[in-house]
Amino acid sequence: MTSITLESLTKSYGKAGPTVVDGIDLEVEDGEFVVLLGPSGCGKTTTLRMIAGLEKATTGLIKFGDRIMNEVSGDRRNVGMVFQNYALYPHMSVADNLSFGLRSRGSTKEEASARVDEVLELLELSALKRRKPKELSGGQRQRVALGRALVGRPSVFLMDEPLSNLDANLREHMRIEIGKLHNTLGITTIYVTHDQGEAMTLADRIVVMNNGKIRQVAKPRDIYNSPADSFVAKFIGSPGMNLIDAELRKVDNFFRFGSGISIPSSSVRFLDHYVNERVTLGIRPELLTVIGSEGAVRFSGKISLVEQMGSQLQTYVRLDGSDHHQNFIAKLPPDTPVNIGDQITLYASTSDLRFFEVEGGPLISSAAGEKDSPSEYLVG
Amino acid sequence: MALKFSNQPTLANEIEPGMELEAARKLSRQRDFYFRVKEKLIGYGLILPAGAVFLVFFYIPAAYLLVISFFHWGILSPTTNFVGLKNFRTLFHQPLFWRSLLNSAYYTLVMIPATTLLALAIAMLLRDGMTSRRGGIWRAAVFLPHVTPVVATSIIWVWVFNPHFGFANYILNLLHLPALGWLESTTWALPAVMIDSLWHSLGLYVIIFLAGLSRVPRELLEVATLDGAKKYRIFRRIIWPLISPTTFFVVILSTVNTWQAFSQIYTMTGGAHGGAGGPAFSTTTDAVLIYQTAFTYLHFSLAAAMSFVLFFIILTLTMVQKWISDRIVFYR
Ligand SMILES: Nc1ncnc2c1ncn2[C@@H]1O[C@H](COP(=O)(O)OP(=O)(O)OP(=O)(O)O)[C@@H](O)[C@H]1O
Ligand SMILES: [Mg+2]
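Chains X and R are the protein sequences, given in the same order.
Here the first sequence is numbered in my numbering, starting from 1 and rising by one per residue.
Here the second sequence is numbered in my numbering, starting from 1 and rising by one per residue.
Keep in mind that the hints were calculated from the coordinates and are not lab data.
Please note: incorrect hints may appear among the correct ones.
What the hints assert, rightly or not - Residues on chain R that point at chain X, a partial pick, calculated with CB under 7 Å:
hint	residue
1	Glu22
2	Asp326
3	Val329
4	Tyr331
What the hints assert, rightly or not - Mimicking DMTMM-like on lysine to aspartate or glutamate, the simulated pairs with C-alpha atoms at most 20 Å apart in a straight line are:
hint	chain 1	residue 1	chain 2	residue 2
5	R	Lys231	X	Asp96
6	X	Lys134	R	Asp326
7	R	Lys230	X	Glu71
8	X	Lys56	R	Glu219
9	R	Lys230	X	Asp75
10	X	Lys132	R	Glu22
11	R	Lys231	X	Glu55
12	X	Lys302	X	Asp272
As the list claims (entries may be wrong) - Estimated spans, in silico, between C-beta atoms of each pair:
hint	chain 1	residue 1	chain 2	residue 2	range
13	R	Tyr232	X	Ser40	48 to 56 Å
14	R	Val216	X	Ser8	32 to 40 Å
15	X	Asn169	R	Arg233	50 to 58 Å
16	R	Arg233	X	Lys15	32 to 40 Å
17	X	Glu359	R	Arg218	53 to 61 Å
18	X	Thr59	R	Met124	31 to 39 Å
19	R	Phe330	X	Leu185	42 to 50 Å
Built from N, CA and C at the ideal position, the CB exists for glycine as well.
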């Protein structure tokens, strides 16, 4: 087992090709479970493949512990990898799929078979030992792929969207299995996914990526509560955080945000620096209510769509005076009387509001009261 | 289907409101029948050109061949008599016929493994450059001999194997090996033909293998690498089993092609001067003997019987290979 360090890791294809991984810095501790999360094409798989040694880094360093691995070939890195489509050897039985790697590394038949049995036992696959991959269900194939990656006692465990081919129930089941497995074995793991649910439940830390860059590395709760910038805010949560761009004015003891939203200035003093500038206001759909307390911030508008989700009503609101067709979404209790076309007022506590500099800029927080370079973010 | 749909409106028009139900049904049934016949006719019509070519140049001659092998018939003989199995009996008592079978077997037994293994080796070398432009040039270079006319290039090979100033002996000389008589030697004439045949046919098999290799998923090779397998082990345990259907296809194809090999042997062993198959019958394969029996000695029915034996040998070999392959080839 080992820690993993990436230092300004970059990958571009061809001489003048696009840079698909763009200067990534990341430290993964020994035994940690880190999830790479990001939209399609942001470079997650490429990053994983560079760590596995299947792809050469263009620049930057990959270290396992203190050892620089850039020039170490894939067969010597001792990583176990699970591919999205399993990539089981189709002509070999389950047992042979698992023992192939052990035998390649010089185990005797007896050693290999004992170890294979051990892993099959762990994954409850013993009964399927003699089957070929095509005689297995999706979930069983998935477990064989996990087993094959585990059987060689890898020091690093890499998984590229391992559950994306499974149906919802099985996915949840396997997610729990993977979590348990990690708790038992404690292997340093990097796990790539699209699925925030997986990321939130499995990760010690989540790495959010976009366009080949890391946007934030944090614990799941912190990613959710304090997104580093408006991209992360929008990307995390389903649906993501509501974001409104508008100019900030100060009227008496209130900040006026756009045409209709007033915020008591006492609670958000750090916004003083941004008066008369455009900023982005964010509020999570699940933190909006229809009954407000004293001092709550109000959002009024007309309901344009209501989606019945079972446990809640996903309510789409066109805010009064909003200049664009942006949807403002609230998750309301299922018995809330809402109808399309109704006027509605939603409330949010000021402590739940988040502010960002415009154009995907960083979080404006009370701690970071000083602006670094405001002019960069000024608009018109 | 498209045909049916486009015809449907016409059908609806002809069933007028006043028409009796039974009559309407009958018309519709009749119509249905016509549609089916029409569709069938169009189907057969579409395969007719290819079918006709096959019929005229393949099935009819093949059937005719079987028929005349039971007759005594030559272009010069005045009568055509039914002789039963006499032609076959004559054949089996002729030492030259057995010699030709032996030559063919020798030729085939060397050519099949040589073709298969060399083509696979070249395909493996070319595989890595599949996408680059230089890969394309190499592929074209390997395939090129296959599209050249056999007779023309075989004449060039005759020069290559010239014992006195040919390129082959020049190479042997460079390697400090003794010069060979090649086409003038009873030992080396057939191997010389084999080299020409290999050069000519390899390209096709390389392309077939490249297609087979491209169907081995890249992830499998990557997983095997991460599993710590070295190049040879990946080839032996992953690639080889996964391309076995391709290998089987290549083996069948080269079996058929080598048993039928004729042009290169005929050209290289002096067919132009009437002496193909020499020296001393060392290159008289089945195909050469059939040709000579029919067109030099004009004994057509005997040649027909030989062809039938050849057909039977190829069929048997193919069936044996199929039987073996069902046990070792992995189909996904
Ligand atoms: N061999 C290649 N040559 C050129 N570009 C490539 C190559 N492989 C990947 N890319 C590009 O690199 C970018 C990142 O790809 P990558 O597979 O890492 O994305 P990803 O984050 O894993 O996406 P997904 O979630 O859809 O799997 C993509 O824009 C892709 O088009
Ligand atoms: Mg990917």
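Status of each hint after checking the structure:
no., hint, verdict
1, Glu22, "violated, 53 Å"
2, Asp326, "violated, 15 Å"
3, Val329, "violated, 10 Å"
4, Tyr331, "violated, 10 Å"
5, R:Lys231 - X:Asp96, "holds, 19 Å"
6, X:Lys134 - R:Asp326, "holds, 18 Å"
7, R:Lys230 - X:Glu71, "holds, 17 Å"
8, X:Lys56 - R:Glu219, "holds, 16 Å"
9, R:Lys230 - X:Asp75, "holds, 8 Å"
10, X:Lys132 - R:Glu22, "violated, 59 Å"
11, R:Lys231 - X:Glu55, "holds, 17 Å"
12, X:Lys302 - X:Asp272, "violated, 31 Å"
13, R:Tyr232 - X:Ser40: 48 to 56 Å, "violated, 38 Å"
14, R:Val216 - X:Ser8: 32 to 40 Å, "holds, 35 Å"
15, X:Asn169 - R:Arg233: 50 to 58 Å, "violated, 39 Å"
16, R:Arg233 - X:Lys15: 32 to 40 Å, "holds, 34 Å"
17, X:Glu359 - R:Arg218: 53 to 61 Å, "violated, 39 Å"
18, X:Thr59 - R:Met124: 31 to 39 Å, "holds, 32 Å"
19, R:Phe330 - X:Leu185: 42 to 50 Å, "violated, 33 Å"
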